[in-house]
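A.B. asks: Since the structure of chain L is already known, use the hints to place chain W on it.
There are 2 protein chains.
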Amino acid sequence: MEDAVRVRAGPLKDFCVRVFTKMGVPEEDARITADVLVTADLRGIDSHGVARLRRYVNGLRSGMMVARPEVKVVAETPATALIDAGAGLGQPVSYRAMKRAIEKALDVGAGFVTVRNSNHYGIAGYYAMMALEHDCIGISMTNAAVLVVPTFGRDAMLGTNPIAVAAPAGEERPFVLDMATSTVPRGKLEVYHRLEKPIPLGWATDETGQPTTDPGRVLENFKKRAGGGLLPLGGAGELLGGHKGYGLALWVDIFCAVLSGAAYADLVYPKTPDGKPLPSKIGHFFGAWRVDAFRPLEEFKAAMDDLQRRLKNAPKAEGQTRIYIHGEKEFEEAERRSREGIPLNPKVAADLRAIAEELGVEYDLE
Amino acid sequence: MEDAVRVRAGPLKDFCVRVFTKMGVPEEDARITADVLVTADLRGIDSHGVARLRRYVNGLRSGMMVARPEVKVVAETPATALIDAGAGLGQPVSYRAMKRAIEKALDVGAGFVTVRNSNHYGIAGYYAMMALEHDCIGISMTNAAVLVVPTFGRDAMLGTNPIAVAAPAGEERPFVLDMATSTVPRGKLEVYHRLEKPIPLGWATDETGQPTTDPGRVLENFKKRAGGGLLPLGGAGELLGGHKGYGLALWVDIFCAVLSGAAYADLVYPKTPDGKPLPSKIGHFFGAWRVDAFRPLEEFKAAMDDLQRRLKNAPKAEGQTRIYIHGEKEFEEAERRSREGIPLNPKVAADLRAIAEELGVEYDLE
Chain L
1202 MEDAVRVRAG PLKDFCVRVF TKMGVPEEDA RITADVLVTA DLRGIDSHGV ARLRRYVNGL
1262 RSGMMVARPE VKVVAETPAT ALIDAGAGLG QPVSYRAMKR AIEKALDVGA GFVTVRNSNH
1322 YGIAGYYAMM ALEHDCIGIS MTNAAVLVVP TFGRDAMLGT NPIAVAAPAG EERPFVLDMA
1382 TSTVPRGKLE VYHRLEKPIP LGWATDETGQ PTTDPGRVLE NFKKRAGGGL LPLGGAGELL
1442 GGHKGYGLAL WVDIFCAVLS GAAYADLVYP KTPDGKPLPS KIGHFFGAWR VDAFRPLEEF
1502 KAAMDDLQRR LKNAPKAEGQ TRIYIHGEKE FEEAERRSRE GIPLNPKVAA DLRAIAEELG
1562 VEYDLE
Chain W
1202 MEDAVRVRAG PLKDFCVRVF TKMGVPEEDA RITADVLVTA DLRGIDSHGV ARLRRYVNGL
1262 RSGMMVARPE VKVVAETPAT ALIDAGAGLG QPVSYRAMKR AIEKALDVGA GFVTVRNSNH
1322 YGIAGYYAMM ALEHDCIGIS MTNAAVLVVP TFGRDAMLGT NPIAVAAPAG EERPFVLDMA
1382 TSTVPRGKLE VYHRLEKPIP LGWATDETGQ PTTDPGRVLE NFKKRAGGGL LPLGGAGELL
1442 GGHKGYGLAL WVDIFCAVLS GAAYADLVYP KTPDGKPLPS KIGHFFGAWR VDAFRPLEEF
1502 KAAMDDLQRR LKNAPKAEGQ TRIYIHGEKE FEEAERRSRE GIPLNPKVAA DLRAIAEELG
1562 VEYDLE
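Chains L and W supply the protein sequences, listed in that same order.
In the working numbering, each number is its position in the first sequence, counted from 1, plus 1201.
In the working numbering, each number is its position in the second sequence, counted from 1, plus 1201.
Quick caveat, the hints were computed from the structure, so don't treat them as lab data.
One or more hints might be untrue.
Copies of the same chain look alike in the list, so a pair counts if it works inside one copy or between any two.
What the hints assert, rightly or not - For lysine-lysine, the following DSBU-like pairs were computed, each having C-alpha atoms within a straight-line distance of at most 35 Å: (1) 1425 <-> 1398; (2) 1300 <-> 1424; (3) 1300 <-> 1273; (4) 1300 <-> 1425; (5) 1513 <-> 1548; (6) 1517 <-> 1223; (7) 1548 <-> 1389; (8) 1389 <-> 1513; (9) 1300 <-> 1517; (10) 1548 <-> 1472; (11) 1513 <-> 1273; (12) 1425 <-> 1513; (13) 1273 <-> 1530; (14) 1517 <-> 1424.
Next comes chain L alone, as it looks inside the complex:
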């Protein structure tokens, strides 16, 4: 990271907004999408931040993502709704779906919205965290293109299908669990591959379905769709609970896709016969529970603080100095990066400059 340019969140967001609006995305949708991306960068989840801007630009160009989609509420009850995203960007429809879930929670105690016909929505935690300012607990899940092998299977049949849950606290920070249901994301293999390091057994399998320590082989197999892939949380087989991670991934597929009418199981980004990308038909699931529908808010927050303190103050394993609460590392990183700027990897910075040039939008980040 020594060569990384440091940029402020504000100008980085503004740059993304210029890019998206230039691509025909309405101003408000562009602002939402930019905020989701830069929030990932602030929280240290670089893989889901502006490093992905190129993919969205390509998606909008190719027609895989629609800049001005026709978004429809397909079904609705007091506590639920189903939205068709019209193949638009994942972020604006997800932001609005989560808002609707929160409104329902404020109204009847709990609210849930599924979304179909969508695209990559960024970090799952963003939407779950939207519940916090309304004193609700939030949940967000999405399915994704296949990378993960089911227990005893040979081929990738499921996405890394993340689950995020956010719960407010009082003086302590909110609890923000934001986890892929695979042991690691694909990006982790890319890092080890670049460093020419073997990966631990339990991360991925080769094309025969056996655990492997060779990240290059797994990445090569992905490209060729030759079999193998990432392992679910718990690793290969059932000995260390791999069937549980597989079950969590399947749960996400059911809630995001079977319940909404999105693509599932062996979701791949489809193409026309002549290679033109088609909408990815990804599905999402959002929900909110109003805390004080169950229990007075101040009691809940005091108990959340106490829970966190008990864990943080508990004795540590030999050689360890700290027990973390989920989200804590990311909140600390966001504070650091708000102060010091977001480090832009030189390759990412070059990519942003290239996008600016291609589209003829101003690049003012360096």
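C.D. replies: Quick look at chain W alone, frame taken from chain L:
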């Protein structure tokens, strides 16, 4: 299992009902509790079936569990409720809480009920599966006495905190995920200890917080509360995702206990100064989503069938012959045991005979 007596589910349930009613439990509550226990035995989850009858009898005797509790609805909205179980058996209040969640789902699309001041509720999957006959998706979670060590911690601070999710299908069986958020339950260590086999690294830690292969040491440490315990799904540290299993356990604690006002974090079965057990103050969380609030039921069921078939028919890893859907093994076991009877371990059978004798109820199982 060669010496196991085989008994029919019906007479086994009737026996449990006699035991519970003799202990002062109302007939209907006794029937519900018996059904939850014997359903576990039918499904092959022997650790949560009648093998636990002794613990419930002891709990009712000691006053830890109240036979005729005062159950109160503390708070309610169209989609939510909070119930105080009055320190009664976990099963009857959980059955009624889940029924209420389903009624709310049928009414407004989704429903959620938390329960506080309860006791061990048996298998999490039982309640999630109650949603199936109403064409709802069900969820059930419970916290439990501490056995699980948080990532980087030395001492057990969380229960095995299971999550169960059940979703209906058409011609295929329902999806029933029912998983502890630890890598394995404590019972698994007891089995390895009896067989004098080392446990795999990733199951448990010793009293210093280091992973261990010695199940006897872990079990001994539990007794002495000397530190160490079961590892969360993903194992020790963060390399294989142990922080994710820890996060799932924490999620369950928040939903079951922080949201309801039950005990959390280092939940231990409390006692009076002179050693008399006090109510365990366990908490549960139940929920249901009505499928057709989102999507026509027949479409959902057809997609559930298709999802399952795609997974089951997918290529297998070398040396494997079958990819399972969650719940499938248990449904097959329940069919087998309905036909052939439930195998009662001789020690369990002896225990049931002893209970019958102590209470003066008829024992007609052998």
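A.B. asks: Work down the list of hints and note, for each, if the structure agrees.
C.D. replies: Status of each hint after checking the structure:
no., hint, in the structure
1, 1425 <-> 1398, "within (22 Å within a copy, 42 Å between copies)"
2, 1300 <-> 1424, "neither (37 Å within a copy, 48 Å between copies)"
3, 1300 <-> 1273, "both (15 Å within a copy, 33 Å between copies)"
4, 1300 <-> 1425, "neither (40 Å within a copy, 49 Å between copies)"
5, 1513 <-> 1548, "neither (38 Å within a copy, 42 Å between copies)"
6, 1517 <-> 1223, "neither (52 Å within a copy, 47 Å between copies)"
7, 1548 <-> 1389, "within (17 Å within a copy, 49 Å between copies)"
8, 1389 <-> 1513, "both (27 Å within a copy, 29 Å between copies)"
9, 1300 <-> 1517, "neither (39 Å within a copy, 42 Å between copies)"
10, 1548 <-> 1472, "within (28 Å within a copy, 61 Å between copies)"
11, 1513 <-> 1273, "between (45 Å within a copy, 34 Å between copies)"
12, 1425 <-> 1513, "between (45 Å within a copy, 23 Å between copies)"
13, 1273 <-> 1530, "neither (37 Å within a copy, 40 Å between copies)"
14, 1517 <-> 1424, "between (42 Å within a copy, 20 Å between copies)"
Hints 2, 4, 5, 6, 9 and 13 from the earlier list are contradicted by this structure; the remaining hints agree with it.
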